[in-house]
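Enquirer: Please model the entire structure based on the sequences and the hints provided.
For the protein sequence lines, the chains are A and B, in the order given. For the first sequence, the tail end lands on 142 under the UniProt record's numbering, and the numbers increase by one without skipping. For the second sequence, the tail end lands on 65 under the UniProt record's numbering, and the numbers increase by one without skipping.
Hints may contain errors.
[To be verified] In silico DSS-like pairs for lysine-lysine, Cα to Cα no more than 25 Å straight-line:
1) A:Lys140 - A:Lys85
2) A:Lys85 - B:Lys47
3) A:Lys140 - A:Lys87
4) A:Lys5 - A:Lys53
5) A:Lys85 - A:Lys69
6) B:Lys47 - B:Lys2
7) B:Lys47 - A:Lys69
8) B:Lys2 - A:Lys87
9) B:Lys47 - B:Lys4
[Unchecked claim] For each label pair, taking beta carbons as the anchor points, the in silico distance ranges come out as:
10) B:Phe46 - A:Ser101: 22 to 30 Å
11) B:Asn53 - A:Arg76: 27 to 35 Å
12) B:Ser55 - A:Gly89: 30 to 38 Å
13) B:Phe46 - A:Ser114: 54 to 62 Å
Source of the hints: derived by calculation from the structure; they are not laboratory data. Please read all numbers here as calculations on a predicted model, not as lab measurements. C-beta: ideal position from N, C-alpha, C; glycine also.
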Amino acid sequence: MKKGKLWLYAFLTVAGAVLFYVGEFVLVSEAVKQLSGLGIGLGAALFCLGIGKFFDDLLVSKTEGETRKHRIAIERNDERNIRLKEKVGAKVNQVLIYLLSILVLTLSFMGAKSVIILMVAAIIVIQLFLAIFLFYYYGKRM
Amino acid sequence: MKNKLEEIRRERGITQEELADRLEVSRQTISSLENGRYNPSIMLAFKIAHFFNLSIEEIFFYEGE
Chain A
1 MKKGKLWLYA FLTVAGAVLF YVGEFVLVSE AVKQLSGLGI GLGAALFCLG
51 IGKFFDDLLV SKTEGETRKH RIAIERNDER NIRLKEKVGA KVNQVLIYLL
101 SILVLTLSFM GAKSVIILMV AAIIVIQLFL AIFLFYYYGK RM
Chain B
1 MKNKLEEIRR ERGITQEELA DRLEVSRQTI SSLENGRYNP SIMLAFKIAH
51 FFNLSIEEIF FYEGE
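Expert: The structure is reproduced here in structure tokens:
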């Protein structure tokens, strides 16, 4: 394991621990409750990331690491996987538009605040505009 | 699109994993190609043909609609 990486993992672990401590034991008042939550969450994530990467590098030998990286690169660039991801993305997008539309109608019938309904409707509109824009963008390049 | 990929691969004594490594695709792609569940891109078809030193038409058969 390179020394530079070791310092990075140590920094992440310590930073995570400090953030967690600050979030849990220092920011205790109600006024900073959100900051406290952010500190705890971010701190825990950084701590786990630092420790996890440290052990991951320690346990995987350099040769194994190179082979694994190569395999990961192949899987990422594999054309069938790319086509699958694109197909899945398109289907998920279709389903989400329907779900968001149902959500807008449900919220309207329930008498929810206009702001909330408008925000959900705005997401649908942004999705549609993005779809149109990206269609023409990629259309010109393909 | 049907193909003789599996037949040709076995004749040359190559495993799916070896072929996938050489073509830089996943083993699942090779398996799907051989089962006819997946049609390769033109680039991949050329790569496969070049690897086996055959023409594309000797490996893949277009059957029409």
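Enquirer: If a hint holds in the structure, say so; if it does not, say that too.
Expert: These are the hints, each one checked on the structure:
1. Our distance criterion of 25 Å between C-alpha atoms is met by Lys140 (chain A) and Lys85 (chain A), whose separation comes to about 22 Å.
2. Taken as a hint, the Lys85 (chain A) and Lys47 (chain B) pair is honoured in the structure, with Cα atoms around 23 Å apart against an allowance of 25 Å.
3. Distance check on the hinted pair: Lys140 (chain A) and Lys87 (chain A) sit about 20 Å apart at the alpha-carbon level, within 25 Å; holds.
4. For the hint pairing Lys5 (chain A) with Lys53 (chain A), the CA-to-CA distance comes to about 9 Å; that is within 25 Å, so the pair holds.
5. This hinted pair checks out: Lys85 (chain A) and Lys69 (chain A) have alpha carbons roughly 20 Å apart, not beyond 25 Å.
6. Between Lys47 (chain B) and Lys2 (chain B) the CA atoms are separated by roughly 17 Å; this keeps the pair inside 25 Å, and the hint holds.
7. A distance of roughly 22 Å separates the Cα atoms of Lys47 (chain B) and Lys69 (chain A); the hinted pair therefore holds under the 25 Å criterion.
8. Distance check on the hinted pair: Lys2 (chain B) and Lys87 (chain A) sit about 23 Å apart at the alpha-carbon level, within 25 Å; holds.
9. Under the criterion of a C-alpha separation no larger than 25 Å, the hint pairing Lys47 (chain B) with Lys4 (chain B) is consistent with the structure, at around 15 Å.
10. Taken as a hint, the range 22 to 30 Å is violated for the pair Phe46 (chain B) and Ser101 (chain A), whose Cβ atoms sit roughly 44 Å apart.
11. Range check, Asn53 (chain B) to Arg76 (chain A): Cβ separation about 29 Å, and the 27 to 35 Å hint holds.
12. Checked against the hint of 30 to 38 Å, the pair Ser55 (chain B) and Gly89 (chain A) passes, with Cβ atoms roughly 35 Å apart.
13. With their beta carbons about 57 Å apart, Phe46 (chain B) and Ser114 (chain A) fall inside the hinted range of 54 to 62 Å.
The structure fails hint 10 only (numbered hints given earlier).
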